[in-house]
Amino acid sequence: MKLKLQFIIAAFIALVVYVPVAHGQANLTFSGGSGTPLATTLTRSVTCTITNYDCDYDSGFTPYFNFDEVGNPKDDDHREKTLYIWAGDQERVRPDFLAVIDFNDRSHNYGRVLRTVPIPPPGNVGNEPHHCHLSADKNILACGGLLSLLKGQNSIFFFDVSNARHPKFLFSTRASESSITDDFLPLPKGGFLVTQMGSATGGAPGRLAEFDRFLNLIAEYPANPPTDGFNPHGISADFRRNLLVTSDFINPVTTLNVWPGDVELRGSLRFWNLEKRKITRTVFLPEALGSMDVKLIPGDPHGRAVTANMFSGLFYTVDPTDGSVVQSFDGEDIVPHVGGLPVPGGMVQVLAMPKSGDRLIFGSFMAGQIVMLDISDRNAFVQQA
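FYI, the numbering for the sequence shown is 14 to 398, going by our numbering.
Don't read these hints as lab results, they were simulated from the structure.
Among the clues, some could well be false.
Label pairs and their calculated CB-CB ranges [to be verified]:
#	residue 1	residue 2	range
1	Arg253	Asp371	17 to 23 Å
2	Ser120	Gly381	27 to 33 Å
3	Asp150	Glu345	39 to 45 Å
4	Leu183	Leu127	39 to 45 Å
With a cut-off of at most 30 Å between alpha-carbon atoms, the simulated DSSO-like pairs for lysine-lysine come out as follows [stated by the list, open to error]:
#	residue 1	residue 2
5	Lys151	Lys202
6	Lys291	Lys151
7	Lys181	Lys202
8	Lys291	Lys368
9	Lys202	Lys289
10	Lys181	Lys151
11	Lys289	Lys151
12	Lys289	Lys368
13	Lys202	Lys368
Ideal placement from N, C-alpha and C gives every residue a C-beta, glycine not left out.
Work out the full structure: start from the sequences and follow the hints.
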């Protein structure tokens, strides 16, 4: 089965990672194969995570460096830094794998692939590696296969990364009521909440799966999911506030060429009672054009969230207390403006927010831009970079 539209699979891809190489071209070596240039081999890599940073787990991928008062890295910051890239073979012949990269910019091996950890059979090829995330204690790396369902394979993969430079594959698994694994939210006491965008057959409704600290699947939420387009993709939480939000993106099965109708995009947020794992409010955006990601604003007194519709380029601030929605930015206003793109805003996606809650960073996929907004005024964001 093939996707109807090429840009839909591009929409699924979280990000393609560029790894700077300090001393020449890095190589990857596969079992029984010759070294392959990093830039070629990692074409299908779609997500990364960094170990040994003080990360804000409520805000996705947000590393914080150790700086002095004038913004220079402190000389005593000699912690080992490791970058993981969860990737797949471009030809979908060799196993999907985890690449381990030296990310210490003071190292002579900075940017070099130290080793790869291929996942073993069965079901180790063509999973379309997607998101991954570290556990709260940074000892477990959880990774997802976006399209594992198409080959009847497990879609959730766990690695032991307690020895950061020498990860070990633990096992793979799948949820029984859902599929199309997307993002992972680490839980403070261990385990993960996982957005499963599709049902067991890849349609609607999806689920939110929970794994405990022993990596056992304990539940899929809600037990009786809504039938109004529940296909969760993005996820963000404020544990102190007992608040969780997920964003609905697309009905996955409608992207396949065997589907007789149109692609079904979503445009809605679900606010949850985090402790009870119960949806308390659903907010529909003005248009259903792919609310791929969502981030709660740290420290916001209303618990407001920011999302964007990928296929309109419009950003929204959503208040869970009253369900109000305010358009706060238009991706078409990004400077410099890249014209001639088939999608307004160039497919805005992958939101990140620092703990300060006053900035939003995102990518414009088609424009090849990374943009930072000042979101101090929740109703009117201003581009900063």
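Verification of the supplied hints:
1. Here the CB-CB span from Arg253 to Asp371 is close to 19 Å, well matched to the stated 17 to 23 Å.
2. Roughly 28 Å separates the CB atoms of Ser120 and Gly381, a value that falls within the hinted 27 to 33 Å.
3. Evaluation of the 39 to 45 Å hint for Asp150 and Glu345 yields a pass: the beta carbon distance comes to about 42 Å.
4. Separation of Leu183 from Leu127 is about 20 Å and departs from the stated range, judged on CB atoms against 39 to 45 Å.
5. In summary, the hint linking Lys151 to Lys202 is supported, as the alpha carbons are separated by about 12 Å, within the 30 Å threshold.
6. Simply put, Lys291 and Lys151 have alpha-carbon atoms about 27 Å apart, close enough for the 30 Å limit, and the pair holds.
7. As the CA atoms of Lys181 and Lys202 are separated by approximately 22 Å, the hinted pair is consistent with the 30 Å bound.
8. Note on Lys291 and Lys368: the hinted pairing holds, with a Cα-Cα distance of about 26 Å set against a maximum of 30 Å.
9. For the suggested pair Lys202 and Lys289, the alpha carbons sit about 16 Å apart, so the restraint of at most 30 Å is met.
10. As the CA atoms of Lys181 and Lys151 are separated by approximately 14 Å, the hinted pair is consistent with the 30 Å bound.
11. As the CA atoms of Lys289 and Lys151 are separated by approximately 25 Å, the hinted pair is consistent with the 30 Å bound.
12. Taken as a hint, the Lys289 and Lys368 pair is honoured in the structure, with Cα atoms around 25 Å apart against an allowance of 30 Å.
13. Taking the CA atoms of Lys202 and Lys368, the gap is about 20 Å. The hint holds against a cut of 30 Å.
When held up to the earlier numbered hints, the structure conflicts with hint 4 and nothing else.
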